[in-house]
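Trainee: One letter stands for each residue in the lines below.
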Amino acid sequence: MSGTPAQPARTPSAGSSGPGGSIYDLGYQAYDGPRLGRRSAVVALLLQTIRACFGIGRGGRAKIAPFVLAALAILPAVLAVGFAALAAQAGPAGGAIGDASPINYASYHGLVGVLIMLFCAAQAPELFGRDQRYGVLPLYFSRVLTRTDYALAKLGGLIAALLAVELSPYIILFVGRVLVAPDPVAGLTDEIGAVPRFLLQGLLVAGLFGGISGLIAAWTPRRAYATAAIIAVFIIPPIIVAIIGDAASEDFARIIVFLSPADIVDGTNAAIFGSIPDSPVVASLGLPGWAYLAAAAVGVIGSIALTIRRYLRIAA
Amino acid sequence: MSLIALRDLTKRYPGGVTALDGLTLELEPGIIGLVGANGAGKSTLIKILLGLLPPTSGVATVMDLDVRSQGTTIRQFVGYMPEYDCLPPDTSATDFVTHMARMSGLPKAAARERTAEVLRHVGLYEERYRAIGGYSTGMKQRVKLAQALVHGPRLLLLDEPTNGLDPAGRDEMLALVRRTGTEFGIAVIVASHLLGEIERTCDFLVAIDAGRLLRAAPLGSFTERTGVLAIEVEEGAEALTAALIGHGLQAVADGRTVLLAVAEDAHYDVVRDSIASLGLPLVRLEQRRQSLEDLFRDDLPATAAQAASTGSGLPPGAPSPGGGVS
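Residue numbers (our numbering), protein chains in the order written: chain A, 1 to 316; chain B, 1001 to 1326.
These are calculated hints, taken from the structure and not from any lab test.
You may find that some hints are simply not true.
[Stated by the list, open to error] Calculated lysine to aspartate or glutamate pairs in the DMTMM-like style (CA-CA distance at most 20 Å, straight line):
{"hint": "1", "chain 1": "B", "residue 1": "K1140", "chain 2": "B", "residue 2": "D1095"}
{"hint": "2", "chain 1": "B", "residue 1": "K1108", "chain 2": "A", "residue 2": "E250"}
{"hint": "3", "chain 1": "A", "residue 1": "K63", "chain 2": "B", "residue 2": "D1090"}
{"hint": "4", "chain 1": "A", "residue 1": "K63", "chain 2": "B", "residue 2": "D1095"}
[Claimed, not checked] Chain A is faced by these chain B residues, among others (derived, beta-carbon under 10 Å):
{"hint": "5", "residue": "G1058"}
{"hint": "6", "residue": "V1059"}
{"hint": "7", "residue": "Y1080"}
{"hint": "8", "residue": "K1108"}
{"hint": "9", "residue": "E1117"}
Here the structure is a predicted model, which means the values were calculated and not measured.
Just so it is clear, CB atoms sit at the ideal spot from N, CA and C, and this is done for glycine as well.
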């Protein structure tokens, strides 16, 4: 991709000082230092996007929403570990109390799902709308990264940030349960099986919610509209599925449930952890777990592809 | 190496608007003015050179690289200052320009260093740590120029860099552009609809109208044939005019000012001698150029005929593209 009229690399600051004093050249100089090209630009945009998701590098107000939501997502895990530790001190009976805790890997999705959705609604419009609102896109597209690179770096940053929020409580829960166990080695063998499960569920939730909210925000530069649209897409379909499933036809509900991102990840969670779906409607539909997993995969890939398409066609 | 080479470059927008119409042109590095009325195709040409827009037909190369297939490499060495607002208001100039340097592939430390240098070069000091939203138009234009320069481009494409500036701001921006081009040896293309600005800033002029080339030539050749000397005297303008005409020159009295067509250096001697022998109180001598618009008008039939012969396929005076596509 690169490398045609490149010049020999040179450290820009080299040779500016010598024994007995320094020469300070404060003027503008032609840059002939390293140019790391497209890959470096994409990585830089990805990292900057992750930081922006948490309001880092912005004012204090930009940090409130992401950090409050992340704290709320972690809180149940911390409480669960705390109770488990107290229960363990109570002796053998305590172990049973710990096992009966309502906060476990399988139930955690039900606790954080809404927070992940709110995180998307709060942050995606800023990530995708800002550059469009203020006309910054031409500056990106006139540099080394391509339109596809831009879309992928933005989506990747959002999904990575969601993954951090989604996985932190699982990891706290995992580490806590291992340490609280009477025999940590036995605890580790007991708990290790959950790791690939919560990693997969975390990836599906972050990918699906991040992909869909990124797609919506890329199409809706106005911040308030994008936030409203993202919340609507996650909140309204489960209600419709529930109404149709209850009142009209379960067969029809079995089809349109795949248009409801929130119900899809409820289904994948039940399939992955072998539990009962949180939503009674999803539970009553009785669809196989692989159907939800496939739907989630299609949703992730589809929303990413459509977001790229949006940026390929946007005028800049 | 040619800086830019265009062969039969044509851009038609969906909806039938033709923004560029068989443009053929070769440019050497320098400070190049791209002039034309709004809608003439200046911005379209710049966007095609950057690879932001695909051409409908024809070939365009920048630094011998094809815009279609080698856009990424071209963009590594080109800086672009768009015509319209392109700055997020909630970021500081330092943060924004550093980010843009990284988006051009500069390492982190180099990006910071270059940002400090470039912002100093464009004249932003303490205010560079404040949010851009609070900047004046002049400061915003400087940030826009800085982000175009930060990665050390070999070619700068500036689209109406004086947009929205007051006369003093225009002068400063043009001086900055001129200085950037001459002192650092960067090739610059300045698009503007204001000929006066181009005249002061550029060495070479490309004039387009309705997507077709009117003329491309060094600035001097536009003005040398029509040098007009304005001679202002306290009194005796009529006598001076008569004396100059007596020497076989073309002169017209206009109040206290005598306008003289200067074709060669010897004419200046005639002026000096005439004033001295008449003993007139001289106020000032001023080199005056006819406006470049007039020059274009004179050149129009010739270039249009030329364009027709090089196969643009459209008769002179073909319908010009509508607004909004400049």
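Trainee: Each hint needs a verdict: does it hold in this structure or not?
Mentor: To see whether the hints hold, each was checked on the structure:
Only pairs whose Cα atoms come within 20 Å are accepted, and B:K1140 paired with B:D1095 is accepted, the gap being roughly 14 Å. Proximity of B:K1108 to A:E250 is assessed by CA-CA distance (about 57 Å); at most 20 Å being required, the pair is judged violated. Using a Cα cut-off of 20 Å, the hinted pair A:K63 and B:D1090 holds, with the two alpha carbons roughly 14 Å apart. Annotation: proposed proximity of A:K63 to B:D1095 holds, straight-line Cα distance about 17 Å (limit 20 Å).
Restraint check, B:G1058 versus chain A: the minimum CB separation of about 21 Å is more than 10 Å; hint violated. A least Cβ separation of about 17 Å between B:V1059 and chain A goes past the 10 Å threshold, and the interface hint is therefore violated. For B:Y1080, the interface hint holds, the least distance from its beta-carbon to any beta-carbon of chain A being 4 Å, beneath 10 Å. Because the beta carbon of B:K1108 sits about 8 Å from the nearest beta carbon in chain A, less than 10 Å, this interface hint is met.
Contact between B:E1117 and chain A, as hinted, is supported at the beta carbon level, the nearest pair being about 6 Å apart and thus within 10 Å.
In this structure, the hints that do not hold are numbers 2, 5, 6, in rising order.
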